[in-house]
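*Asks:* All chains, full assembly: derive it from the sequences and hints.
Residue numbers (the working numbering), protein chains in the order written: chain H, 634 to 971; chain E, 1404 to 1736.
Derived by calculation from the structure, the hints in this document are not laboratory data.
Cβ coordinates follow ideal geometry from the N, Cα and C atoms, glycine included.
Warning: the hint list may mix true and false statements.
If you anchor each label on the Cβ, the simulated ranges turn out as follows [what the hints assert, rightly or not]:
| no. | chain 1 | residue 1 | chain 2 | residue 2 | range |
| --- | --- | --- | --- | --- | --- |
| 1 | E | 1725 | H | 652 | 58 to 68 Å |
| 2 | E | 1576 | H | 761 | 49 to 59 Å |
| 3 | E | 1725 | H | 774 | 18 to 28 Å |
| 4 | E | 1668 | H | 669 | 57 to 67 Å |
| 5 | E | 1446 | H | 921 | 32 to 42 Å |
| 6 | H | 724 | E | 1636 | 33 to 43 Å |
| 7 | E | 1731 | H | 869 | 33 to 43 Å |
| 8 | E | 1729 | H | 759 | 43 to 53 Å |
| 9 | H | 943 | E | 1576 | 36 to 46 Å |
| 10 | E | 1446 | H | 774 | 29 to 39 Å |
| 11 | E | 1673 | H | 774 | 47 to 57 Å |
| 12 | H | 685 | E | 1724 | 21 to 31 Å |
Letter by letter, the chains look like this.
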Amino acid sequence: MATMGIAEALREGIREEMRRDPTVFCIGEDIGVKGGWGGAFTVTLGLVDEFGPERILDTPISESGFCGIAIGAAMTGMRPIADVQYGDFLFCMMDQLANQAAKMTYMAGGAVKVPLVMRAPVGSTRRGAQHAQTLEVFFTHIPGLKVVAPSTAYDAKGLLKAAVRDDNPVLMFEHKLLYGSKGNRAEKGAVSPIGEVPDEDYVVPIGKGAIRRRGRDVTIVGKLLTVYRALAAADRLAEDGIEAEVIDPRTLIPLDKEMILESVRKTHRFVVVEEDNRTHGWGAEIAAMVAEEAFWWLDGPPVRVSAPDTPPPFAPNLEELYVPSVERVVDAVRRLVG
Amino acid sequence: MNAANADGLQSSVPREADLIALYRTMLLIRRFEERCNALFLQGRIPSTLHLYIGQEAVAAGVCSALRADDWVVGTHRPHGHALAKGVSPRVIMAELMAKVTGCCRGKGGSMHVGDVRKGVFPAVAIVGAGLPIAAGAALSARMRGTDQVAVAFHGEGAANEGDWHEALNMAAIWKLPVLFVCENNLYGASTHFSKAFAIPRVSDRACAYGMPGETVDGNDVVAVHDAALRAVERARSGAGPTLLECLTYRQCGHSRSDACDYRPDEEEALWKERDPLKVAAARIRALVPPVPFDPSGIEADVAAEIDDAIAFAEESPAPAPEDLERHVYWEGD
Chain H
634 MATMGIAEAL REGIREEMRR DPTVFCIGED IGVKGGWGGA FTVTLGLVDE
684 FGPERILDTP ISESGFCGIA IGAAMTGMRP IADVQYGDFL FCMMDQLANQ
734 AAKMTYMAGG AVKVPLVMRA PVGSTRRGAQ HAQTLEVFFT HIPGLKVVAP
784 STAYDAKGLL KAAVRDDNPV LMFEHKLLYG SKGNRAEKGA VSPIGEVPDE
834 DYVVPIGKGA IRRRGRDVTI VGKLLTVYRA LAAADRLAED GIEAEVIDPR
884 TLIPLDKEMI LESVRKTHRF VVVEEDNRTH GWGAEIAAMV AEEAFWWLDG
934 PPVRVSAPDT PPPFAPNLEE LYVPSVERVV DAVRRLVG
Chain E
1404 MNAANADGLQ SSVPREADLI ALYRTMLLIR RFEERCNALF LQGRIPSTLH
1454 LYIGQEAVAA GVCSALRADD WVVGTHRPHG HALAKGVSPR VIMAELMAKV
1504 TGCCRGKGGS MHVGDVRKGV FPAVAIVGAG LPIAAGAALS ARMRGTDQVA
1554 VAFHGEGAAN EGDWHEALNM AAIWKLPVLF VCENNLYGAS THFSKAFAIP
1604 RVSDRACAYG MPGETVDGND VVAVHDAALR AVERARSGAG PTLLECLTYR
1654 QCGHSRSDAC DYRPDEEEAL WKERDPLKVA AARIRALVPP VPFDPSGIEA
1704 DVAAEIDDAI AFAEESPAPA PEDLERHVYW EGD
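*Replies:* Below, the structure is given as structure tokens:
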């Protein structure tokens, strides 16, 4: 058992999978340059020393192109782990992800598989509109993709391994404020969820959520950073005698619906917290699911706490308003509990 | 093995049997497409069709330079690519008729025909998107230590997509075993080459990426085959990718609803004179010494194969309702 942050946990997960399976390789920008950064957030740092530049493959700045290359490799016996420096760049490869990777198995009538992992850092970190969006929902809407979003070091390594071993394209979203608060790529305001990670091989199954805190009065669902906002809110609410249950789905597609519904049937109140834009968002889908499938257990409407319908702002004071704060979660729950 | 071809040039397809086999492949594609057109007009094939009529020499010439285990990525106009690479007319026709016995279980349709057992990816119908995927298959071949080669067919319109440039660049810097076959049929949908390019040849762009580029007569199956063979050997030997531009012409519309009013009649007539089947037949007849060549026998043989494919497709069932939600994710071999 070792103690580490998410970036290190991911690195160890990649290292172990590459040792275990010679068809696993990494492809992306600035991931293996000697003297470089190991990707934008150090996840692949040093792996080139063990695996060499053929398996830690640096690409030109060609997101759509290297995504397509990873897809072609995945369809012919390899298991690529690709990454983008910022999740926003996934839009540059949208055709390859949405039209090619996601649809290939279906349009071939099940005759081909695309075991691709695409990692993407998201989250507002004072980089403004094009380097800070939380955009998982664009991909949770695409049949054929699986989407995971680990918020702890244990889950990051376990879900990475599960994603590599999955025979479908898996998008892994990582929050920039959760990589860790230390090191030369640390972010101001990082949460630093350092946790214990087993040395032995393990996976976190895709599609299984986690209850981060038990409570009887309200169910709060968050993902990535908003799990921590929800937990902090739960602590404050507990001071007033309101016990919140906090659920981290960990996998967004396929969603562990039953874990959420079971909790709602117990608490009768539901709040979802997301860093995404509100309209047609991830929270809207989760709230609709709860309304459809647990309506008769609810004592009040499903509530969303979201980012407003704006691009991520640059000014720190605006960014603090943009990302759902602990206070906003507390207020939403108080209004609901009445 | 080499002998003089019709132009007196050295050719790698000199043997009469090989040239006649190429002729047969081309005729199979031509007649298959003509029958598809008729079936479409009769309402027996749903959707739309992008027919390969006029371009048969490209698919036949390139695929005859490949091994069975090499990879091909086709386009929205993929029937010819699949037939030339050995996909059975039965499973293609069944796919076009939306039957569960089709090569994609009736879930792909005309624009996605393929059969990975024959080395043909489900065709990629987004213009240009197939090039990186073929480059990825080539990268995979190198990483897995095979000497397979990948081919990305594409129209000249694809050369103005970003994926085209990204794929050529990465294939060149990594010397990937891939062949980019540009079927320049003069029109991207209805837009003439001259309105989309400020250069005379697509292959002129190859040097910008540090790879050889070559333009050949795409209606001459021997010219295509010879150039493809050189490129394939180059790729297999580890020397890297090639951009091969084949000048050709689609003798039909872009898709089923296209009457081609944007093309001059004289231009269409000129290209029909240079029909790839006529060119191939002339090459066979010019072989010295003369060889037995029975076009009507080949015609009958091809017709029987297509009749069989249509009968197979018509007798096959449509996908079951529960197929709608299957195969979104991989279900296993």
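*Asks:* In this structure, is the beta-carbon distance linking residue 1725 of chain E and residue 652 of chain H contained in 58 to 68 Å?
*Replies:* 41 Å, violated
*Asks:* Between residue 685 of chain H and residue 1724 of chain E, is the Cβ distance one that fits in 21 to 31 Å?
*Replies:* 50 Å, violated
*Asks:* Look at the Cβ atoms of residue 1725 of chain E and residue 774 of chain H and judge whether their distance stays inside 18 to 28 Å.
*Replies:* Roughly 23 Å apart at Cβ, these two residues keep to the hinted range, so it holds.
*Asks:* Take the C-beta atom of residue 943 of chain H and the C-beta atom of residue 1576 of chain E, compute their distance, and say whether it sits inside 36 to 46 Å.
*Replies:* 40 Å, holds
*Asks:* Is the distance from the Cβ of residue 1446 of chain E to the Cβ of residue 774 of chain H consistent with 29 to 39 Å?
*Replies:* With a Cβ separation near 34 Å, residue 1446 of chain E and residue 774 of chain H satisfy 29 to 39 Å, so the hint holds.
*Asks:* Look at the Cβ atoms of residue 1731 of chain E and residue 869 of chain H and judge whether their distance stays inside 33 to 43 Å.
*Replies:* 42 Å, holds
*Asks:* Taking 47 to 57 Å as the hint, is the beta-carbon distance of residue 1673 of chain E and residue 774 of chain H inside that range?
*Replies:* 49 Å, holds
*Asks:* CB of residue 1576 of chain E to CB of residue 761 of chain H, is that within 49 to 59 Å?
*Replies:* Violated, since residue 1576 of chain E and residue 761 of chain H (Cβ atoms, about 32 Å apart) do not stay within the stated range.
*Asks:* Range first: 33 to 43 Å. Now tell me if the beta carbons of residue 724 of chain H and residue 1636 of chain E are that far apart.
*Replies:* About 40 Å separates the Cβ atoms of residue 724 of chain H and residue 1636 of chain E, which means 33 to 43 Å holds.
*Asks:* Between residue 1729 of chain E and residue 759 of chain H, does the beta-carbon spacing fit 43 to 53 Å?
*Replies:* 46 Å, holds
*Asks:* Could one say that the CB atoms of residue 1668 of chain E and residue 669 of chain H fall in the range 57 to 67 Å?
*Replies:* 60 Å, holds
*Asks:* Should the hint that residue 1446 of chain E and residue 921 of chain H are 32 to 42 Å apart at their CB atoms be regarded as holding?
*Replies:* Since the Cβ atoms of residue 1446 of chain E and residue 921 of chain H sit about 40 Å apart, the hinted range of 32 to 42 Å holds.
When held up to the earlier numbered hints, the structure conflicts with 1, 2, 12 and fits the remainder.
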